Structures are given as C-alpha cells and as structure tokens.
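2 protein chains.
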Amino acid sequence: MKNIFIKGFLWLLVVQGAIGQQLKSPNQQLVMDFSLQNNGTPMYQLSFKGKMVIKPSKLGLELKNDAKSLLHDFMVVDTKNSTFDENWKPVWGEVATIRNHYNEMAVTLNQKGTDRQIVIRFRLFDDGLGFRYEFPSQKNLVYFTIKEEKTQFAMTGDHKAFWIAGDYDTQEYDYITSKLSEIRGLHKQAVTPNCSQTPFSETGVQTALMMKTADGLYLNLHEAALINYACMHLNLDDKNMVFESWLTPNANGDKGDMQAPGQTPWRTIMVSNDARQILASKMTLNLNEPCKIEDTSWIKPIKYAGVWWEMITGKSTWSYTNEFPSVQLGVTNFAQAKPNGTHGANTTNVKKYIDFASQNGIEGLLVEGWNVGWEDWFGHAKDYVFDFVTPYPDFDVKGIHQYAQSKGVKMIMHHETSGSTRNYERHLDKAFQFMNDNGYGAVKTGYVGNIVPVGDYHYSQFIVNHYQHVLEKAAQYHIMVNGHEAVRPTGICRTYPNLIGNEAARGTEYQAFGGSKPNHVTILPFTRLIGGPMDYTPGIFEMDMSKINPDNKSHVNATLANQLALYVTMYSPLQMVSDLPEHYNRFPDAFQFIKDVAVDWDESVYLEAEPGDYITVARKAKGSNNWFVGNVNGNYARTSSMVLSFLDTNKKYVATIYADAKDAHYKTNPQAYKIYKLEVTSKTNLAQYCAPGGGYAISITEKK
Amino acid sequence: MKNIFIKGFLWLLVVQGAIGQQLKSPNQQLVMDFSLQNNGTPMYQLSFKGKMVIKPSKLGLELKNDAKSLLHDFMVVDTKNSTFDENWKPVWGEVATIRNHYNEMAVTLNQKGTDRQIVIRFRLFDDGLGFRYEFPSQKNLVYFTIKEEKTQFAMTGDHKAFWIAGDYDTQEYDYITSKLSEIRGLHKQAVTPNCSQTPFSETGVQTALMMKTADGLYLNLHEAALINYACMHLNLDDKNMVFESWLTPNANGDKGDMQAPGQTPWRTIMVSNDARQILASKMTLNLNEPCKIEDTSWIKPIKYAGVWWEMITGKSTWSYTNEFPSVQLGVTNFAQAKPNGTHGANTTNVKKYIDFASQNGIEGLLVEGWNVGWEDWFGHAKDYVFDFVTPYPDFDVKGIHQYAQSKGVKMIMHHETSGSTRNYERHLDKAFQFMNDNGYGAVKTGYVGNIVPVGDYHYSQFIVNHYQHVLEKAAQYHIMVNGHEAVRPTGICRTYPNLIGNEAARGTEYQAFGGSKPNHVTILPFTRLIGGPMDYTPGIFEMDMSKINPDNKSHVNATLANQLALYVTMYSPLQMVSDLPEHYNRFPDAFQFIKDVAVDWDESVYLEAEPGDYITVARKAKGSNNWFVGNVNGNYARTSSMVLSFLDTNKKYVATIYADAKDAHYKTNPQAYKIYKLEVTSKTNLAQYCAPGGGYAISITEKK
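From first to last, the protein sequence lines are chains H and Y.
Using full-length UniProt numbering, the first residue of the first sequence is number 1, and each one after it goes up by one.
Using full-length UniProt numbering, the first residue of the second sequence is number 1, and each one after it goes up by one.
With the rest of the complex left out, here is chain H (with noise of 0.2 angstroms):
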C-alpha cells in the first residue's frame, strides 16, 4: 500500500487581474478555464476534445450575515501548478494497483475591501475535473457559517439525466430518465414516501448525477471526500440548464459551520464519450485522503447470508413480543413477555443460517432484530430507542458465537439506530466492546426514520460528522462498517477501508416493497457506486414474494441470471447472499456461481456500458486467475458481445456460463436460466443473449 511514486514538478506564478488561466489533462483532452468576472466574480468551464461540457460557471459561497460573502470582488494573488502521479494499492478494490495521475492548479483569491483569502484547487485528471475550496489560515476569515454554496454547473443542452429527486433524508428513489427540462414535470412523482424525507426544491436533484449528451458525451456530476460538511445536492435552474450547489442544512436552516483553516468537499466532473469509461473512473477515490488506518489486516472483504429476507418480505419480525403498546428500555420485562411467534433472530433459526452459510462457504451472517427494542423502533423521535448489547431472551448471545465458531462463520452485528444518533453514540463503545467480546467483526447500521436530534438530516454537516465518528471509532475497534440509511459514500473508504458498504440507494429490498425498476441496476454503478461499494443484497432467486409471505404482493423485477451477474456489476468488498436458504438448495446449480464468485479483485475491464441499458464487466479475482463476468440487461432484450480479449493470451479456460433462457423475463419468467460449459481463450468471441431485466453471470478457470 506504501509503494508511492510521485513524479512531480510546480511552479509558481503571480497574476494581475482578471486574466484567464488554463490548465489541461495528463493527455491534453480535458481543458479547464479559470478567469474572474469583471466584477471579481469566479468563472470555471470545462472541454473535452475541444468541445466546451461545462459552459462558464460561476463559484463561491454565500455566507451567513455577510453581504459580500465569497463571491466576488475577488482577484488573484498567486497561481501554483503541479502535476501528480502515483500508484496505491487499495486495500481491497476492483483493480490491485490505482494511478493517482493529474495536474493541478491552485488559484489563491483575495476579496477586495475584507482582506480574505481563499484557494480554488483544480485537478484535472484524464477522466475528469475535481475542484474545491480551501480556507487558509488567516486573521479576517476564521469561523464562518455557510448560507449556501454557490457552485455553477452550466450544462451545454438539455442533457438526457437519471436522475434521484434532491432529498435532505432519504436516497431510496427509483431513478428517473429524463431530460433535464422535464425534471421539473416528473419530479413529484419522482418523490415517493419514505419513512424519513425532505425534499426542497422540484428541480433538485442528488449525486451521482449521470447524463448524457446529445452528441454522446457522457457526464457525471458527484463530490469527493465529503468530511466536516454538509453533503451536496444540485438544483437546476432549467431555464438556462445551469445546476447549482444546494447543501443540506441543518436545524437552524444553515448550510455549514466553517473554521479556517479548512475546506469544502471536491466537487467532481467526470466526462468521457465512452460509458465504460466512468464505471471504470477511480478519480472519487483519488480525491480522497491516503489510508490513515495503519494496521489494515482485520479488514476482509466478505460474503454473508443473514437473518434478513425473511422479515423484509414479511415472512418473519425484528420484534419479539406484541404484548405491549411500547416498549422501554430498561423497564419493559421481555424475560416476561408473551413471544409473538414470529420473531426471525431466534437461536433455532439462526443456528440454521450459520448451517447453511458453513456449508456453502459463506463466511458471514447477518442478523438483524436481535436486540431488544424493535417492537416500536421508529417514527416517534424516541431517543433511548435501542442499546445494542442487549438481546431478546430468545437469542443466545454466547451459544451463537460458539456455535458460528465451531462452523467457522463470522457473525455481522446490527445496530439499527431507529436515527436517534445522539443514543447511538452514547452507547458506541460498549457496543464495540460487546461486539468484540462475542466474534462480529463487523457491523451493519441503520438510520431509518428521522433523525434525533429533530430538526436536523441525515446529511447535514453535524449528522455527516456523526457517520463519520461512529467510522473512526470502529477503525479503533477494529470494526468494519456497513452503513445503511446514512449519506452516499465519496470515496472515504480510501482512507477508512473498514467503510466496507453502504445503503445510500434504492436497494433489493424494495424489490419485496413493491418492486424496482428493471434496468434500476444498470443505472446503480453510474450514480450511487461513483462514491463507493453499496450493500445493494443480491441473489433473489424466488421472485414472487407471496411464496414467502402470502400478504406481500411484490414481484422482484430481475431474472434469476441477472441477481448472478449482480456480484460481479455491483462491485462490493461485501455481498449479500440474501435470498432464503431453501430457495438456494431449489437453484443448486445456479446457486454454485455465488459460491463460487470473488469478492476482491486484481482487475476490472469494463466490456460494455450504456445506462439504463447494461453493464458488462469482466473481473479477475484477488491472487488468483479465475475471472467473473457478469451482465445486467436493461428493460429490453438484447444480445451482448464481447472478446474475452482480457485472459491471458497463451492460455485455455473454462467458462461456465448461467443466462437467461431464450423465454426468460423479469416479470412472466424470471426462473427460466440455462447454464453451459465452454472452452474458451483470449480471442473467443462470445454473444449472450439477454432477457428484459435479465443478464448472465460467468466464472472462468484456467483448464489445467
């Protein structure tokens, strides 16, 4: 991880007034303009191959009781440029290696009349334009609050988007794909209920923001490194397609409490012609921190089944008792209550789950409802709403270590907060220690509801830094996280990999909800995997949910070949093996590719992509030389192609294959798989035909 290259050079320059200043890409085809308006106002744009993607676009911040604010009147005092390069080793990844390569360009202003100084740093790398704010150190700027941030992005025409309506609480939103001036028309559709959620504008938007262009050019507008501030939405002022920053606040309406020296979050622009090309973009990773975790050994990437479908789909509850109108802590007797008979995590049924993940070489288990407190864990602003040590009487505590153990299954623990964050913090290390004491090893926490304190969001700065607390504190526990309802990742797990997922998405649950969209994950690694891995729980084989529980009429909107191809499109260090265990050992032979497939990789090669359409990538496992491809198809069908051009040249294979059936479909045959062997080398040529809502999965072995 330390073998660090730097080949670098800088210069400085001093410049008077308002003149432009330009800086390229390492390979000259991005190109970014720095000027100041005449009345000392910030302008950036941006071309690609001599193409203008981002029109001039003012920056700045507009402060809280400041008139002047940071938004003009500004000039420049100094110029430094500096070009980068390196190559890290993540410690788990799609790729072994990742070069860190770009040139910079800090541009120090000096606001005419207050004295005060920012920095507007630039890096442009190959695949995009990463810039923020910095707040030196200095006399006239020190605290500051942030009534909004006034960051432009001028599009050039009325992009086609998928896009997530803008949302202070909640990202669960099915994307939507439309031009940018019909957001305004299909946004209140677009906002669906949630148990948590406010949205503020019909023309904001989330990040990741996919679009493409007219002509083909792909964009992509998300932020890096998102520490101490408040997360970013954009608002589009869809007159003249312009999106603008649109922080979330916090209780007081404002947008951030600033100390010098400090600075923004990067703002992200990644741009290419070819999709492919922003799957395969590693900038949001290089704009963060080098790892500050020093002994990284305890974080593994990971397969888990878990105590968990079965209440998703209504089948079994977190809750143990119906006894009591609420339940209280501390007072309330479970020893003494009546069981409801339906309580998933007890001892019996869990020790089935580690069976059945032992067997098949799952090496975790999640189990959620484990703890006391879910007969009335949210929608009530209860503060004292869990405290995570204790157990239903139910669930053996020590019996289920053991009993993991002896099968060599490591347990996940789960602490839904219920959002009460200030009660989870205060139960935050004997909650570790508990967790150290009896084998987990890692953690899965949720914030469903709204947050307590009330008033503020789930992505203001203050509840941003609480995500950010509960992952330090776990980096000392050794204690890797999954974070579910908390704010989309940025790239952190750069310099915390024990971020080892997130929710921060519409995920598979909702497939038991209602039902998702089809081509829902061919738009997922275009938007909400920009920042990072997602818990997103695949390998739902069983599609009709009333099988499991006869009240839920959902249907899950993917072929059985498309949930295989899932592991290896929805890049995560952590996978859920998700489906009930009886629906596995119906689909032995489909299940074999879940067994089978990788969670860590040495490569990546991106076949095929368009979004909303399909994903094809190829992935080579970690140390090993097996590859996995996998294929997610879009709502219509489709035949895909490719060279497996990436196998090594001068040897032979094994491809097993898992695709849809000729009569597979989502919704009327989503069962219907064939799986067959091929032999196969650097120069096959393979073509697969994909269902609606269908895909293929593929596991490759040197023949020997």
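Keep in mind the hints are simulated off the structure, nothing from the lab.
This structure is a prediction, so every number in the text was calculated from the model and none was measured.
Glycine included, every Cβ here is placed at the ideal spot set by N, Cα and C.
It cannot be assumed that every hint is accurate.
[Claimed, not checked] Computed list of lysine-lysine pairs in DSBU-like fashion (alpha-carbon distance at most 35 angstroms, straight line): (1) H:Lys338 - Y:Lys188; (2) H:Lys410 - Y:Lys473; (3) H:Lys547 - Y:Lys139; (4) H:Lys188 - Y:Lys68; (5) H:Lys517 - H:Lys352; (6) Y:Lys338 - H:Lys300; (7) H:Lys473 - Y:Lys292; (8) H:Lys64 - Y:Lys64; (9) Y:Lys430 - H:Lys398; (10) H:Lys398 - Y:Lys547; (11) Y:Lys338 - H:Lys473; (12) H:Lys139 - Y:Lys315; (13) H:Lys64 - Y:Lys338; (14) Y:Lys139 - H:Lys553; (15) Y:Lys147 - H:Lys64; (16) Y:Lys68 - H:Lys338; (17) Y:Lys703 - Y:Lys674; (18) Y:Lys188 - H:Lys64; (19) H:Lys55 - H:Lys150; (20) Y:Lys703 - H:Lys430; (21) H:Lys338 - Y:Lys139; (22) Y:Lys68 - H:Lys410; (23) H:Lys80 - Y:Lys410; (24) Y:Lys547 - H:Lys139; (25) Y:Lys553 - H:Lys139; (26) Y:Lys64 - H:Lys188; (27) H:Lys147 - Y:Lys64; (28) Y:Lys674 - H:Lys430; (29) H:Lys68 - Y:Lys188; (30) Y:Lys292 - H:Lys398; (31) H:Lys139 - Y:Lys139; (32) Y:Lys398 - H:Lys292; (33) Y:Lys553 - H:Lys430; (34) Y:Lys547 - H:Lys473; (35) H:Lys473 - Y:Lys398.
[Unchecked claim] Computed from the model, here is a short list of chain H residues facing chain Y with C-beta under 8 angstroms: (36) Asn252; (37) Ser326; (38) His380; (39) Thr639.
Assemble the complex: chain H is given as a structure, and chain Y must be docked to it using the hints.
Relative to chain H, chain Y alone:
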C-alpha cells in the same frame, strides 16, 4: 437514609360526571378543588386559610397534529385519595431529617371520543401544592408530541413579583421587582445581553417565580423533578393575571416528545403568610424520587478555592496563547506556541493556590483554563472545542495531583463544554476516567454560548436529558457535579445527590461584569434556590475590581460582612472561597469566619425573611453543636433582631459577630466591618445593624 416510615391509607371512589373534588393539606389550611368544566376541561383552584390564592385554572396539554389534544372532553373515571408521611435523611442538606407529609388525590380522566386516559396527581402539603400529569400505558395514547402544556396559574390580583425574563437559553438576569401588570413594560430592560439568549414573550418569566399579594401572602411557582421534559416558563396573560406554562421548544419548535407510560414534572405552588416558610420548605425535594445512588459515601460537601476570580476579573486568562486566529484540537501545536504570559492555570500559580487552600483548611481547589481550546472557545458553533483531557503545556497534571495530595487538597476539575453537548458526551468516559486517575472528585461543568446541536436550547427536553446523562454517568465514576449554565435545578439532588451545585442564575461573577443589585442575594433564596443549591461563589473582600485589573471598572455591590453572611444564607454543600488569596490575607480576622463556617447542617432556622429586603438564618453544623448565623440585607439600612432561641436552653455559648460597621455601605465603604464576641444563651436577644447591601455573620460555639 432508609429510616422511612409510612402512615398511609387510601380509598377509591368512582365519580360520575363533573362533580368537584376537594383535597386538604394535612393541617387543613390549604384546600385544592378539582373540577371539570361543562366541556370536560380539567380545572383546579387553591385556597389558604379560606382565602383563594389560585383562582380556577385550566389544566391540560395541547398536542401536535391532534385537534382535540388533551384539553377537554374529559370525564372523571377514578379518584384515588391517600396520605403519605415519612421522614428521610438527605445525604447532605440544610437539615438532618426531612419530613415528607402530604395528602394525595389522583384523578383519572378519560377523554370522550378518543378513549385516552390521563391521571392528574395532586399532592397537597402544609406548605404548598404539587401536581403533575401522568400518562398511563394504553393503546390510544402511546407516542405524542406536546405543542404546549396548558397549565394555568390564575392569580387573584396584581401581585408584587420578583422575576427574571423568560428565556430558553439563560437565567443570568438581574431580578426585577414589580407588579405583575408592570412586567410587559419592563421586559425589554430585563433582557440584558448574554452569550446565549432567547427570550420568547414580553410577559414571559422564569420559575421559581416569587410573589407577594397585597394582603401579605407569599406565593412561589416552580417545578420539581424535571426529568425527560422541557423546562417550564410562565407566560402572563396580564389582562386577566393568569400565568400559563410555556415550555422550552426543541429545534422543530415542539415542546416535548412523549411516550406512555410517562409523566410531566411536578408543578409547584408554595403558599404561606410567612416568607420564612417559603425558604424552609422542602416540598421541591419531597416531590423528587428517593436517592438512586446506592453508595453515597463519596459524596461530601466541600469548600473550595479557585484559579478563577483572577480570570473573571480580567487579571489573567483561561487561554494559553494569542498566536493563532483559531485553534484546532489535534492539529494546533500548543507545545510550540508562544505563551501569552497571562495564562492563570499554570503550575506555579496553581501550587500557590494549593498552598493557600491547605493553609486555611479549604478542602478543594478548582482550576479553570487548564485544558487546551480556550483560545476560541465560544460563539462559533464549534463542535470539537475541548477534549477535556489535554492540558496546556504549563499545566502539569501529575505534578499538581501529587502536590495537592501531599497538601491534603482535593482538586476540582473544570469541564467547559461551550454548549457543544455532543462533543462533551463523546469525551465523557475518557474525561471522567482522567479525573479518577488524577484525583479529581468533582467537576464544574459549563455551557457558555449557544447549544450544539444548533437550533436547540439550553432548557429543551433534549438538552435537559443531556445534563441528566452527565449527572448519571458522573455517579458511575463517583464524581460530584456542579453544573453551570445548565437548566435550573428542581430538587433532583435528592435522587442524585452527586449534583452538589448549579449556577443557573446570576452569580457573583456578574459583580465583576458591572455589578449586581445589592439586594440580589435577598431574592435568590426565594427563587433560584427553591430548586436546589447554587454555586453562588461568595466571599469577595476586594470590591474595587480596578485594583485587580485596571481595565475593569466594576464594583462588587456588597459589604464584606454581607459576603461572609452568604456562606450561611445561600445554602449549598459546595461553597467557593472566591477571592484572591492576597485579599484574604489582608483581612485575616474576617477570613476566619470563612475558614470556620460549615457546609453541611443538622438544623436550619429561618429567623427573618422578606424577599428583596433581608434574610436571616441560623444553621447548626453537621454533627456538632456549633451554630452559624447569616444575615443579608437589601438596599436600605436596617436593624436585624432576633432571639437565639434555637440554642440549647441549658448551655452557654460564645458568639463571634462579623458585622457591618456603622459607616459601612455596599458602594462607598464596603470593607467597613467590626468583629466582636458575646456570651450568649437561648434567651439572648440580639439586635444588629445592617448597612445597605450589607449584613452580618455569626459563629456560635458552646462555651466549655
């Protein structure tokens, strides 16, 4: 403490319809009538010796998103009456044994149409009424949000009141004495500047509110057992002279998030025709739960000196360096910073104070400004403002610990939080462990500035819960707590006697910030001290602040004798010896009283009292036969007189009297005192001159 005997009886009757119900105090002098209006609104009224003191007043709670709320349509479905009489022994206090004697009536109300039940529980003591709302466990009332509590206190006339402006964030206002009808006109001037303040209404006042009726009745409104609820203010309808409860909101503007089973704090109304009875009342303590700390052996009343007054007066500073515009913990290198030369908490200076305390039998020493972060410690909504464990380079924690220990002095820790409550909670365990490790048995907490999380208030339910969390966690570490800028006390020290002090009013520090009213200390015992002891920090001998710091033009509006008396009149198990050692050294004869005076008592006898004018109290030191008498006088000269009938009839005593000289005056001649000795018995009649803003102190020992 467990010597409790209960003489109780209870009976049960079911009342049909809206028949009034009456409750009488044990001595029959107070009579409370409960009834329902025709629309089912609960009402109460209170009379004393046949004279109305609270006119018919409504009871109820307005709920959020609930049109009917808990306001009307009630029927009485059950009434339980009972009597309670016990004696209990406080861990520390004004008296060795407290009698808790009341008649109780618990009225269960059912709301028509909603089938919701509440209980209004009344406890009528000889010295006043307490009542609260209770929410039993039930199906139709589980979680609810209070929009406003609608408890009325209908006055019988335009009483004289001793009030401070209602405010969600500060209690540090000077008392105003006026008619109720004058509050509105005086309100603006009552709201003097504070670091954090949120007044809410032109007729809003705080509790404990002291009043006197035209016919000489004393009335006091406050609350008891403020746990998991918002602090109550009172808002006056000054047309009808009706006070109504006005709770402190959270960031959403809501007044409380409730769960049944649960209850509100007690609302208290003390009534007497003798002002001394108000001071002697133990009703607030009695309405709190018995002690919940099993082993209380580590809780000890204490006198303490402090590296404090020199910072308050501006002679020295809390901060260590002036080198940085702001500091960041973990980043700023204090070890290499240039010291400002004014830092009070340096080892040499601290050792000087340890010597002073040791030489004079003062058991404790507080040191403020010992830990890094004071350079920019408030006013910036700064989250990570202190870590509570990192000393400045010139404060030798271990060395000071050893030195203090060798001198028999107990160190008192200071934890200023700057209102950043989350940050404090994050560091609480480590901070308390650090105290345990370094010989600190008590902590003074501080909450200067606006609360973080922003949008919340010092007295909201959420932040009240924070103070309680700190108190309970401190108990786990055997740490005593003296909370400054926290919510005013409500008798919780009965339940958690490690709460040995609170500020929660305008303390002595304001004498160095421009001066308090000379009669301030004749009001505080009737208002602020109703809820519990105050860390008033008395004992100032040098009244001219410019002698300490030429830039400070403030004058302490008290005579030296008055300052001595405060150790007796301002009951507290924690008494500061506040002035600089060199000032005490100038007046060794007067200082003798401070050295002698006790901090824990077996008996207390209120001899004279009139709010705003004078208070005289005699107290018998715990486990001894020594008595101490204190008198504080208001704005005008007066002769105090008393018979020492509290002394044992068959004994002779020597009284040492520390009194104002004839020419003493708080403004022009504050240090004019005389000390003389007298032989006294229980029959001695003593008349003592008291200067404006003056008073006297007496120590009485048995003649042997």
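Taking the hints in turn, this is what the structure says about them:
no. : hint                : verdict
1   : H:Lys338 - Y:Lys188 : violated (59 angstroms)
2   : H:Lys410 - Y:Lys473 : holds (33 angstroms)
3   : H:Lys547 - Y:Lys139 : holds (33 angstroms)
4   : H:Lys188 - Y:Lys68  : holds (32 angstroms)
5   : H:Lys517 - H:Lys352 : holds (33 angstroms)
6   : Y:Lys338 - H:Lys300 : violated (46 angstroms)
7   : H:Lys473 - Y:Lys292 : holds (32 angstroms)
8   : H:Lys64 - Y:Lys64   : holds (31 angstroms)
9   : Y:Lys430 - H:Lys398 : holds (28 angstroms)
10  : H:Lys398 - Y:Lys547 : violated (68 angstroms)
11  : Y:Lys338 - H:Lys473 : holds (33 angstroms)
12  : H:Lys139 - Y:Lys315 : holds (25 angstroms)
13  : H:Lys64 - Y:Lys338  : holds (33 angstroms)
14  : Y:Lys139 - H:Lys553 : holds (30 angstroms)
15  : Y:Lys147 - H:Lys64  : holds (30 angstroms)
16  : Y:Lys68 - H:Lys338  : holds (34 angstroms)
17  : Y:Lys703 - Y:Lys674 : holds (22 angstroms)
18  : Y:Lys188 - H:Lys64  : holds (27 angstroms)
19  : H:Lys55 - H:Lys150  : holds (15 angstroms)
20  : Y:Lys703 - H:Lys430 : violated (58 angstroms)
21  : H:Lys338 - Y:Lys139 : holds (17 angstroms)
22  : Y:Lys68 - H:Lys410  : violated (53 angstroms)
23  : H:Lys80 - Y:Lys410  : violated (56 angstroms)
24  : Y:Lys547 - H:Lys139 : holds (33 angstroms)
25  : Y:Lys553 - H:Lys139 : holds (30 angstroms)
26  : Y:Lys64 - H:Lys188  : holds (26 angstroms)
27  : H:Lys147 - Y:Lys64  : holds (30 angstroms)
28  : Y:Lys674 - H:Lys430 : violated (60 angstroms)
29  : H:Lys68 - Y:Lys188  : holds (32 angstroms)
30  : Y:Lys292 - H:Lys398 : holds (31 angstroms)
31  : H:Lys139 - Y:Lys139 : violated (60 angstroms)
32  : Y:Lys398 - H:Lys292 : holds (31 angstroms)
33  : Y:Lys553 - H:Lys430 : violated (52 angstroms)
34  : Y:Lys547 - H:Lys473 : violated (50 angstroms)
35  : H:Lys473 - Y:Lys398 : holds (28 angstroms)
36  : Asn252              : holds (5 angstroms)
37  : Ser326              : holds (5 angstroms)
38  : His380              : holds (4 angstroms)
39  : Thr639              : violated (55 angstroms)
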